[in-house]
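A.B. asks: Generate the whole structure from the sequences, applying the supplied hints.
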Amino acid sequence: MNTVGQRFARPDGRIKVTGAARYTADFDRPDKLHAVLVTAPAAGQLTSLDTEEAAHGPGVIRILTQADLPQFTAVPVPLMFSLPPMRNDTIRFEGQPVAMVLAETLEQAEAAAHRVRVTIAPAEVKSPGQSNPRPPVSDSGYIFAAVDAAKGDLAAGFSQATHRIAAEYAQPSRHHNAMEPHATLAWWEGEDLVVHDATQWTAGTRQMLAKALGLPPERVRVMCPHTGGGFGSKAFPKWHTLFAAAAARVSGRPVKLVLSRAQMYTMTGYQPLTRHRIELGATPDGGLTALHYDSVNVTSSTEDFVESATQAGRAMYAVPALETHERVEEITAGAPTPLRAPGGGASGMWALESAMDELAYTLGMDPLELRLRNHAEVDPVSGKPWSSKNLLEAYALGAERFGWHRRPAQAERDGDWMVGWGMASATMGSFRLPAAARVSLRADGTALLESSFNDIGTGVFTIFSQLVGDALGLPPDRVEIRNGDSTLPEACGTFCSASAMCVGAALLDACRQIRASLGEGDPLALLRWLGRESEAALGRFSPGEGVQLEIDGGASPNAMRTWGAVFVEVGVDRALGLLRLRRMLGSYSVGRVLNPRTTKSQLIGAMIWGWGMAAMEASIFEPRLGRFLSKNLVGVPLPVNADIPAVDAVWVDELDEVASPIGGKGVGEIGVVGVAPAVANAVFHATGLRIRELPILPEKLLAEE
Amino acid sequence: MQGFTYARAAVVSEALAAGREPGTAFLAGGTELLNWMRLEIAAPARILDITHLSGLDAIETLPDGGLRIGALARLNDVALAPAVVARVPVLSQAILSAASAQIRNLATIGGNLLQKTRCPYFRAEEMLPCNKKRPGSGCAARDGLNDRHAIFGWSDICVATHPSDPAVALAALDAAVITACGAGGRRIPINEFYLPPDAGQDRNSVLEQGELITAIEIPGSAPCSIYIKIRERESYEYATVSVALALDLDVWRRIARARVALGSVAARPWRLTAAEQALAGLEPGAAAITAAVESGFAEARPLAHNAYKIALGRNLVLRAIRLVAEMTP
Amino acid sequence: MLTGRMKFREQLDLTLKVNGREHSISLDARVTLLDALREYLGLTGTKKGCNFGECGACTVHLDGRRVNACLVLAAAAAGREITTIEGLADEKGMQHPVQQAFVDQDAFQCGFCSPGQIMSAVACIAEGHTRSDAEIREWMSGNICRCAAYPQIVAAVRQAAGD
Numbered sequence: 001m002n003t004v005g006q007r008f009a010r011p012d013g014r015i016k017v018t019g020a021a022r023y024t025a026d027f028d029r030p031d032k033l034h035a036v037l038v039t040a041p042a043a044g045q046l047t048s049l050d051t052e053e054a055a056h057g058p059g060v061i062r063i064l065t066q067a068d069l070p071q072f073t074a075v076p077v078p079l080m081f082s083l084p085p086m087r088n089d090t091i092r093f094e095g096q097p098v099a100m101v102l103a104e105t106l107e108q109a110e111a112a113a114h115r116v117r118v119t120i121a122p123a124e125v126k127s128p129g130q131s132n133p134r135p136p137v138s139d140s141g142y143i144f145a146a147v148d149a150a151k152g153d154l155a156a157g158f159s160q161a162t163h164r165i166a167a168e169y170a171q172p173s174r175h176h177n178a179m180e181p182h183a184t185l186a187w188w189e190g191e192d193l194v195v196h197d198a199t200q201w202t203a204g205t206r207q208m209l210a211k212a213l214g215l216p217p218e219r220v221r222v223m224c225p226h227t228g229g230g231f232g233s234k235a236f237p238k239w240h241t242l243f244a245a246a247a248a249r250v251s252g253r254p255v256k257l258v259l260s261r262a263q264m265y266t267m268t269g270y271q272p273l274t275r276h277r278i279e280l281g282a283t284p285d286g287g288l289t290a291l292h293y294d295s296v297n298v299t300s301s302t303e304d305f306v307e308s309a310t311q312a313g314r315a316m317y318a319v320p321a322l323e324t325h326e327r328v329e330e331i332t333a334g335a336p337t338p339l340r341a342p343g344g345g346a347s348g349m350w351a352l353e354s355a356m357d358e359l360a361y362t363l364g365m366d367p368l369e370l371r372l373r374n375h376a377e378v379d380p381v382s383g384k385p386w387s388s389k390n391l392l393e394a395y396a397l398g399a400e401r402f403g404w405h406r407r408p409a410q411a412e413r414d415g416d417w418m419v420g421w422g423m424a425s426a427t428m429g430s431f432r433l434p435a436a437a438r439v440s441l442r443a444d445g446t447a448l449l450e451s452s453f454n455d456i457g458t459g460v461f462t463i464f465s466q467l468v469g470d471a472l473g474l475p476p477d478r479v480e481i482r483n484g485d486s487t488l489p490e491a492c493g494t495f496c497s498a499s500a501m502c503v504g505a506a507l508l509d510a511c512r513q514i515r516a517s518l519g520e521g522d523p524l525a526l527l528r529w530l531g532r533e534s535e536a537a538l539g540r541f542s543p544g545e546g547v548q549l550e551i552d553g554g555a556s557p558n559a560m561r562t563w564g565a566v567f568v569e570v571g572v573d574r575a576l577g578l579l580r581l582r583r584m585l586g587s588y589s590v591g592r593v594l595n596p597r598t599t600k601s602q603l604i605g606a607m608i609w610g611w612g613m614a615a616m617e618a619s620i621f622e623p624r625l626g627r628f629l630s631k632n633l634v635g636v637p638l639p640v641n642a643d644i645p646a647v648d649a650v651w652v653d654e655l656d657e658v659a660s661p662i663g664g665k666g667v668g669e670i671g672v673v674g675v676a677p678a679v680a681n682a683v684f685h686a687t688g689l690r691i692r693e694l695p696i697l698p699e700k701l702l703a704e705e
Numbered sequence: 001m002q003g004f005t006y007a008r009a010a011v012v013s014e015a016l017a018a019g020r021e022p023g024t025a026f027l028a029g030g031t032e033l034l035n036w037m038r039l040e041i042a043a044p045a046r047i048l049d050i051t052h053l054s055g056l057d058a059i060e061t062l063p064d065g066g067l068r069i070g071a072l073a074r075l076n077d078v079a080l081a082p083a084v085v086a087r088v089p090v091l092s093q094a095i096l097s098a099a100s101a102q103i104r105n106l107a108t109i110g111g112n113l114l115q116k117t118r119c120p121y122f123r124a125e126e127m128l129p130c131n132k133k134r135p136g137s138g139c140a141a142r143d144g145l146n147d148r149h150a151i152f153g154w155s156d157i158c159v160a161t162h163p164s165d166p167a168v169a170l171a172a173l174d175a176a177v178i179t180a181c182g183a184g185g186r187r188i189p190i191n192e193f194y195l196p197p198d199a200g201q202d203r204n205s206v207l208e209q210g211e212l213i214t215a216i217e218i219p220g221s222a223p224c225s226i227y228i229k230i231r232e233r234e235s236y237e238y239a240t241v242s243v244a245l246a247l248d249l250d251v252w253r254r255i256a257r258a259r260v261a262l263g264s265v266a267a268r269p270w271r272l273t274a275a276e277q278a279l280a281g282l283e284p285g286a287a288a289i290t291a292a293v294e295s296g297f298a299e300a301r302p303l304a305h306n307a308y309k310i311a312l313g314r315n316l317v318l319r320a321i322r323l324v325a326e327m328t329p
Numbered sequence: 001m002l003t004g005r006m007k008f009r010e011q012l013d014l015t016l017k018v019n020g021r022e023h024s025i026s027l028d029a030r031v032t033l034l035d036a037l038r039e040y041l042g043l044t045g046t047k048k049g050c051n052f053g054e055c056g057a058c059t060v061h062l063d064g065r066r067v068n069a070c071l072v073l074a075a076a077a078a079g080r081e082i083t084t085i086e087g088l089a090d091e092k093g094m095q096h097p098v099q100q101a102f103v104d105q106d107a108f109q110c111g112f113c114s115p116g117q118i119m120s121a122v123a124c125i126a127e128g129h130t131r132s133d134a135e136i137r138e139w140m141s142g143n144i145c146r147c148a149a150y151p152q153i154v155a156a157v158r159q160a161a162g163d
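For the protein sequence lines, the chains are A, B and C, in the order given.
Note that this note's numbering has the first sequence beginning at 1, numbered continuously upward.
Note that this note's numbering has the second sequence beginning at 1, numbered continuously upward.
Note that this note's numbering has the third sequence beginning at 1, numbered continuously upward.
Think of the hints as simulated: they come from the structure by calculation, not from any bench.
Any given hint could be a false lead.
[What the hints assert, rightly or not] Cβ pair distances, simulated, as ranges: (1) A/Glu377 with C/Ala126: 52 to 60 Å; (2) B/Thr273 with C/Ala134: 53 to 61 Å; (3) A/Ala20 with B/Pro329: 51 to 59 Å; (4) C/Asp163 with A/Ala443: 36 to 44 Å; (5) A/Ser48 with C/Lys7: 35 to 43 Å; (6) B/Ala280 with A/Arg690: 36 to 44 Å; (7) A/Gly190 with C/Ala89: 39 to 47 Å; (8) C/Gly20 with A/Gly214: 48 to 56 Å; (9) C/Gly20 with B/Ser13: 53 to 61 Å; (10) B/Ala45 with C/Asp63: 24 to 32 Å; (11) C/Tyr40 with A/Ala20: 15 to 23 Å; (12) A/Arg7 with C/Gly20: 34 to 42 Å; (13) A/Val547 with C/Ala89: 29 to 37 Å.
[Stated by the list, open to error] Which stretches of chain B does chain C cover? Using the computed rule of at least three CB atoms under 8 Å from a CB of chain C, they are: (14) 2-16; (15) 98-107; (16) 228-241.
Each residue gets a CB set at the ideal place from its N, CA and C atoms; glycine is no exception.
C.D. replies: If you want it as structure tokens, here you go:
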């Protein structure tokens with residue numbers, strides 16, 4: 001049986017289209033209390049917290065302040081943000097929680113929260129661009145790969161260059177804005193804590209709660225069968241989950257806490273505003289001689305989050321000399337956190353691929369030709385061979401499907417629209433984490449897969465059903481899956497495009513054990529012949545002995561990344577400042593594609609994220625008030641259906657069994673990469689206007705009618 | 001939301017009597033009122049649901065070829081009414097560019113005019129310096145991030161813009177707002193309906209407590225009209241700048257009358273009266289059109305971050321003139 | 001029941017007609033239709049994504065028209081026909097053609113916005129706003145899908161409209 005590679009429909013389809021799939025806030029407990037967090041209106045010192053009037057509100061059970069909460073044990077970054085709020089009177093950022101209202105109904109809790117009076121002696125606001133960039137502290141907790149890299153003789157490289165460009169690029173902070181708000185429902189059963197939590201990492205939430213509350217992990221149960229999007233914001237646990245657990249303890253009743261959309265702008269992280277300076281040198285044939293790339297990202301005063309913006313850029317092209325640096329700059333805001341396509345996928349590649357386009361024009365070369373000329377056969381920094389890389393084929397496939405070779409030198413007009421074409425390369429790091437999964441083959445002709453992994457819609461139910469089914473000789477629809485429960489074998493989080501690879505490898509290991517124990521032949525027939533009810537095995541995947549997180553192949557002999565190319569056609573109406581997508585195609589080299597249907601959905605969805613980044617998304621920091629100006633979906637537009645006329649994704653045949661026994665690599669994030677620069681490059685083609693700061697808003701495009 | 005009491009009115013007289021009591025708010029579509037209460041922009045003690053009043057949602061033609069639209073007509077019903085599409089396409093287009101299909105199924109044409117600004121300082125979940133939310137607290141946008149704010153008619157009290165799309169079309173159409181109140185009611189030209197930004201905290205219009213919009217009247221028709229809305233997102237977003245244009249061409253295809261209103265440039269839809277006068281008598285393709293349009297921006301006063309709205313507004317009007325002229329046989 | 005002899009009340013006894021069933025409940029006047037469905041009637045298929053009418057996740061039908069349930073007071077919906085995602089299947093439990101089309105076209109990922117998308121799509125088709133893909137896109141733009149399954153959603157609406 002082989003369903004891998006087939007367009008097998010999602011087994012979770014029916015419950016998701018009927019409203020039967022339950023997300024965290026859909027769960028209920030009798031006698032629960034509704035909790036609403038009260039937050040500080042500015043950074044500074046908390047001078048008074050007046051809960052008197054609010055506490056007398058109808059239905060209000062209690063208003064918890066720092067005095068009411070237990071002393072939490074510190075949880076190391078990045079398992080949770082460093083600062084435990086509601087600990088003392090120092091307010092590090094606008095939106096920091098200072099109190100929690102518990103009431104019988106949601107309406108009562110919300111009304112009372114508005115009645116709590118918070119007075120702050122405001123601190124001086126540090127806004128972007130005001131502080132000197134500095135290296136992040138080495139133990140910040142967010143440094144997963146070296147922040148500085150150097151290779152070859154940079155000065156010599158630039159002196160050999162006949163063509164040079166140096167430019168600065170920037171993109172604003174952006175929030176994840178998953179449709180499902182962060183939510184927790186917590187209660188205690190004696191000394192045991194039970195929690196429903198909207199998370200991308202069931203096991204991580206349990207780890208955090210156990211550590212913070214000083215409980216043995218087995219006394220904490222965390223459940224989350226479905227997560228309504230996360231995009232990184234639900235990867236690491238957040239404080240509100242801990243607060244809900246503590247409030248349930250203090251009140252003796254179950255507590256449900258759902259963050260408001262506004263609170264998701266201050267408490268759950270964001271991708272930080274990052275500025276990039278790139279200098280490229282090349283010879284007349286387009287060969288790169290040197291790359292100098294510095295990035296600076298904003299971070300909180302509480303911790304040094306590193307966006308790792310240069311990581312993708314320094315792996316992209318064969319360049320004999322390079323130097324890259326990552327720096328941070330404090331602002332008066334909450335801490336950033338990874339957002340879809342971290343490690344420089346979204347941010348750094350925006351800068352590098354814009355610079356490459358500028359260089360192509362300087363050289364008078366086709367932008368695709370320049371990429372082909374500098375294709376990296378091995379990892380440029382480590383010199384290690386790639387586990388797999390068919391980027392040249394992906395370029396060719398994409399260019400052919402898009403018709404890149406028909407690209408006119410001068411952009412053409414279509415009515416009031418100037419039509420521009422642009423392209424960019426894409427690369428995304430590979431993250432591998434330990435994972436476990438138990439598989440049981442049952443005599444009734446079904447199999448059961450159990451693992452704590454989370455479903456955020458990437459299609460894991462689909463491909464795991466296929467993998468188990470294929471491995472045990474069953475149709476995929478005979479595979480039952482239990483997931484999202486910390487009592488199950490521990491999976492890695494569903495983030496870093498890693499869960500398919502790592503949980504997939506673990507379940508294959510379990511299936512292999514089952515086959516081994518049953519002997520040669522059809523496993524189900526053997527099981528029945530042996531007269532056994534079931535045969536189970538616990539499978540594991542590990543990127544290496546004791547390795548908790550491996551980046552891009554880590555210490556293994558191979559470097560691992562995913563690859564792609566993005567081709568975009570835009571229309572620009574400069575008189576009206578309008579930028580509109582006309583069509584977009586991504587072409588990828590990402591290992592084996594387990595299910596073309598869900599893979600395409602993931603890639604297309606991520607490419608649309610790229611359009612949002614290019615054309616509209618920005619969480620603007622108000623420099624005088626020290627806050628994100630808009631904390632809602634009106635002030636921060638996300639793409640809607642009408643923005644997306646035509647998007648498609650294709651890929652090359654590939655099998656990468658070095659990266660994972662499933663033969664595939666991650667596809668969850670690479671679709672984002674390269675879209676923003678391809679759009680900006682298309683705008684340049686259309687108009688001759690080089691946009692170096694995202695998003696590309698009407699005021700940046702305007703010209704006289 | 002703070003607590004309130006709720007009742008439904010069955011007849012207009014009942015609504016008017018109850019509405020006079022301070023602290024009473026009429027509830028029609030609710031698409032603004034509920035959010036105001038969530039953000040503490042409004043905290044009415046009593047909510048009077050007027051959606052069951054009969055006879056206030058009709059769309060009728062008037063003897064002069066104009067239209068009378070009941071205040072409780074839902075936006076989608078107005079936009080898709082054949083009479084509206086044929087006689088005042090600018091209004092249909094403006095409505096369909098507003099909000100989403102779902103919101104347009106709730107929101108009423110009367111309520112739409114009473115939207116409050118989308119200024120992010122005003123709409124913040126916390127109390128920020130905003131004279132419209134807390135009098136005397138200042139205007140954070142005046143010297144803050146004001147790229148989306150007014151270029152016409154602002155004061156140091158408030159630099160915000162009005163967000164309604166339909167109101168811009170109605171301003172270009174010289175519509176009138178018909179109201180009822182205890183004393184009988186009024187007919188208020190829409191261009192006199194909105195108050196200047198420094199008129200007082202929560203007063204954006206001349207409506208008095210308990211005064212109920214019952215209808216919108218549009219005199220005559222404007223088949224040669226258009227609404228163009230600029231925004232970075234293609235749909236479901238407020239305007240960066242918008243234009244409503246109604247042109248009357250004479251038999252020589254010269255502009256007999258141009259009526260131009262801009263949206264998102266002032267605390268009310270902004271008629272470019274100087275430009276309208278200068279446009280009269282010109283052919284739509286004439287070189288003099290540009291100068292005529294630009295004369296409408298002589299009184300524009302950009303803030304620190306929104307000078308682009310002058311260029312954008314100018315281009316929008318020029319585009320609108322060209323497009324209307326092209327589609328006019 | 002609420003009209004006539006107008007009386008302002010803070011706590012309301014009302015009847016909500018949801019998916020053909022009448023539910024008599026007593027509610028704080030502040031309770032929205034969305035919270036009434038989720039918190040009082042246990043109909044959690046309708047989602048709360050923003051609570052400001054900015055995302056469309058809470059789309060339901062009110063007297064056959066699609067609306068944002070977060071922008072409607074439960075009191076104002078009393079006596080009217082309310083349809084939620086739970087009410088789309090027929091009496092035999094067969095999925096609505098739009099639900100099937102969403103599965104066929106892979107028109108969702110995380111699934112959180114899907115109930116709202118589907119309620120919107122059913123209405124979009126009934127309204128006749130499916131004459132072109134561009135028209136579908138425009139009339140489906142009141143529902144944000146952060147996973148961005150937009151092209152597949154258009155395909156699903158097109159499929160169901162053709163059925």
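A.B. asks: All hints, please: hold or fail.
C.D. replies: Evaluation of the provided hints:
The hinted range of 52 to 60 Å is satisfied by A/Glu377 and C/Ala126, whose Cβ atoms lie roughly 57 Å apart. Range check, B/Thr273 to C/Ala134: about 36 Å between beta-carbon atoms, so the 53 to 61 Å window is missed. Separated by about 56 Å at the C-beta atoms, A/Ala20 and B/Pro329 satisfy the suggested range of 51 to 59 Å. For C/Asp163 and A/Ala443, the hinted distance range of 36 to 44 Å is satisfied, since their beta carbons lie about 41 Å from each other.
At about 41 Å, the beta-carbon gap between A/Ser48 and C/Lys7 stays in the expected band of 35 to 43 Å. Distance hint check: the CB atoms of B/Ala280 and A/Arg690 are about 42 Å apart, consistent with the given range 36 to 44 Å. Distance hint for A/Gly190 and C/Ala89: a CB-CB separation of about 41 Å, consistent with the stated range 39 to 47 Å. Between C/Gly20 and A/Gly214 the Cβ separation comes to about 52 Å, which falls inside the hinted range of 48 to 56 Å.
Take C/Gly20 and B/Ser13: their Cβ atoms lie about 36 Å apart, and the range 53 to 61 Å is violated. B/Ala45 and C/Asp63 have their C-beta atoms about 29 Å apart, which keeps the hinted 24 to 32 Å range intact. Taking the beta carbon of each, C/Tyr40 and A/Ala20 are about 19 Å apart, inside 15 to 23 Å as hinted. At roughly 36 Å, the beta carbons of A/Arg7 and C/Gly20 sit within the given window of 34 to 42 Å.
The beta-carbon spacing between A/Val547 and C/Ala89, approximately 48 Å, falls outside the hinted interval of 29 to 37 Å. For the segment 2-16 of chain B, the proposed coverage by chain C is satisfied: 9 residues have a C-beta within less than 8 Å of a C-beta in that chain, meeting the threshold of three. Using a Cβ-Cβ cut-off of 8 Å, 7 residues of the segment 98-107 of chain B lie near chain C, which meets the minimum of three, so the contact claim holds. Requiring three or more residues with a Cβ within less than 8 Å of a Cβ of chain C, the coverage given for the segment 228-241 of chain B holds, as 3 such residues are present.
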